[in-house]
Amino acid sequence: MKTLVLGLGNELLGDDGVGTLAARALKEQLNRHADVDVVESPLCGLALLDLLLGYDRALILDAIMTGMHPPGTIIELGPEDLDPVCAPSPHYAGLPEIFSIAEQLALKFPQDIRILAVEVEDPYTLGAGLSSCVTRALETLVRRVQTRLTCLAPSPSTGEGQSEVAKG
Amino acid sequence: MGRTITIDPITRLEGHGKIDVFLNDQGNVDHAYFQVPELRGFEKFVEGRPAEDMPQITSRICGVCPTAHHMAATKALDDLYKVEPPEAAKKIREMIYSAFMVEDHALHFYFLGGPDFVVGPTAEKAKRNILGVLGVVGAEIGLKVIGLRKQLRDLISLAGGKVIHPVFGLPGGISKALSKEDQAKFVAGANAAVEFGQFSLELFDKVVLKNPKYVEWIISPAYTHQTYYMGLVDAQNKVNFYDGSLRVVDPAGKEFSKFKAQDYLQHVAEHVEPWSYVKFCFLKSVGWKGFAEGADSGIYAVAPLARLNASQGMATPKAQGAYEQFFKTLGGKPVHHTLANHWARLIELLYAAERMQELASDPQIIDPNVRMLPTATPKEGIGVVEAPRGTLFHHYETDERGVVTRANLIVATQNNAARIAMSVDKAAKGVIHNGHVDDGILNMVEMAFRAYDPCHGCASHALPGQMPLIVRVYDQHHEMVKEIRRN
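Which chain is which? The protein sequence lines are A and B, in order.
Take 0 as the starting number for the first sequence in numbering that gives the first Met the number 0 and just add one per residue.
Take 0 as the starting number for the second sequence in numbering that gives the first Met the number 0 and just add one per residue.
Note that these hints are calculated values from the structure, not bench results.
Quick caveat: nothing in here was measured; it's all calculated off a predicted structure.
Worth double-checking, as some hints may not be accurate.
Only pairs whose alpha carbons sit at most 25 Å apart, straight line, appear in this in silico DSS-like list of lysine-lysine [unchecked claim]:
(1) B:Lys209 - B:Lys237
(2) A:Lys107 - B:Lys149
(3) B:Lys378 - B:Lys212
(4) B:Lys143 - A:Lys107
(5) B:Lys428 - A:Lys1
(6) B:Lys175 - B:Lys149
(7) B:Lys257 - B:Lys283
(8) B:Lys317 - B:Lys209
(9) B:Lys428 - B:Lys481
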């Protein structure tokens, strides 16, 4: 079972980079797992299609701005939670469109997709880095992914990883 | 009407395009304004950085067309250091750029712009997307599009380092020469692209042009604006995405000006409206006359339709044939119908594919000499390319060490901003009467959006739980009476 941990975001744009940075933090540890690939990508829109093809499972890490949660909240979603959206432009096309396309074209797409999204504060300011609440959320997010993967794939992980899980 | 309208420009837009509609006493539209969220902090961010980092930095501004920014930045560096790349480097750059144009145009047509036509603009909302398109043309074609895109993206990756952040542009050349093996891959990719381009135009002809209802939609006055048009052309005034001179034609199609990127400030100026932090580009010598059309107003457009209007043809044979058919069908040059952008996009796709073929088969392209080292002291550099959505300028000022002191980008959407505002205004006036606001405004505006495909330079992605357009309607007392968003 091939699992993809996909961190999305543009780290130059303030909080937008939280997903990318989470993936980066996870790369080191997860490299030891034969069946897990960790990828970071600032791409948006339909380019994401290429990234997800061929995996059985995907854990997507991303920023979200719903305005409905305090910044720093981690929200878990599945494809069923995303509105089938009719995006007016490639600049807005995203995961919902890709899921629909994959289904329609019967592409080899992950059967199990979960999205862990961090509610962010400012994803617009170049070079601003993460706001403090999102920085804290990043740490929590990383631990949560580690826990999730330990449950999914009981491959040999180091003692370090397991004690972090205990803390998380 | 003499009424002053003050809008707080600091409102957070949540990554959305915002449209504010102001009604007069009768409940009809006085004005409609389109705003985009600002990319904040760019100037500050790049100050103090080595100019040689700009191709990498700017390619991360947009998660959809990083290659366009990378190329414009690379050319700005050539100008900054007054260095001319070797022929092989220029050809490789243009070949990669052509692959990118094919891939991006294909994506846009089949997955986003195409649905308006292939399925039909009056089809139910649920069908007006890629799924509806696939319903009409078949899943096989969908797979073909995805397959071709992947093939081209892999090629760009091969030569460009990483597709996401292409790392190959340097002042005076590129980082890696093209091997014979890679050249063969490019030739194969180009051949597939040409075939795909021809197929797409045939499909367009079959599904759109043979349907009088669709043609009627394309030429409808709702999306017609008589403006100036600008695009890059080669020495023969044929469309070129990578290099050349900027050519501007007037609303009657006559050449109005032709200039090099370095002189853009003499020809293009930016107008600021109190209600928006988007700067609206206009032609300096004509002047800003408000959001008006015609030869007396300095508003101009860029992007596929504009490029075909501003040129005297396509430099490759199959695309030239398509270009001729285009103008013949639509009643001559220039064409003012915004929706014709979708057709023009396919003609450009075919040109980019043929151009890729030409360059890939050029024996000079595997020459190992791909870098001319800069020796001049840097001070100022301007680079221009035609991005898929229009003309893109990068302008840097540096100190004598090549550290950026100032940078300005004019992205495609800025060039089109005034015309987009006019389209929004027109759409609003078309659907709002006597205070009755129809949800159909969203559809009308979205159709214009798909044709211009504005880039808002906002977060490179987000989970789109909400739609990226919000329409707010205000009455004559500037009280908000309605907010429409797609949910």
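Q: For the pair supplied as a hint, Lys175 (chain B) and Lys149 (chain B), confirm whether the alpha-carbon distance does not exceed 25 Å.
A: Judged against 25 Å, a Cα distance of about 22 Å means the pair holds.
Q: Would you mind confirming whether the straight-line C-alpha gap from Lys143 (chain B) to Lys107 (chain A) stays at or under 25 Å?
A: holds, 15 Å
Q. Would the pair Lys317 (chain B) and Lys209 (chain B) pass a check requiring their Cα atoms to be no farther apart than 25 Å?
A. OK: Lys317 (chain B) and Lys209 (chain B) at ~20 Å, within 25 Å.
Q) Has the given pair, Lys107 (chain A) with Lys149 (chain B), been kept, meaning a C-alpha gap of at most 25 Å? A) Given that 25 Å is the threshold and the Cα spacing comes to 15 Å, the pair holds.
Q: Verify the proposed pairing of Lys428 (chain B) with Lys1 (chain A), using a straight-line Cα cut of 25 Å.
A: violated, 53 Å
Q) Can the restraint linking Lys257 (chain B) and Lys283 (chain B) be considered satisfied, given a maximum Cα separation of 25 Å? A) holds, 13 Å
Q | Given pair status - Lys481 (chain B), Lys428 (chain B), alpha carbons within 25 Å | A | holds, 16 Å
Q) Is Lys378 (chain B) within 25 Å of Lys212 (chain B), Cα to Cα? A) violated, 55 Å
Q) Is Lys209 (chain B) within 25 Å of Lys237 (chain B), Cα to Cα? A) Since the Cα atoms of Lys209 (chain B) and Lys237 (chain B) sit roughly 28 Å apart, the hinted pair is violated (cutoff 25 Å).
In the structure shown, a violation is registered for the earlier hints numbered 1, 3, 5, in ascending order.
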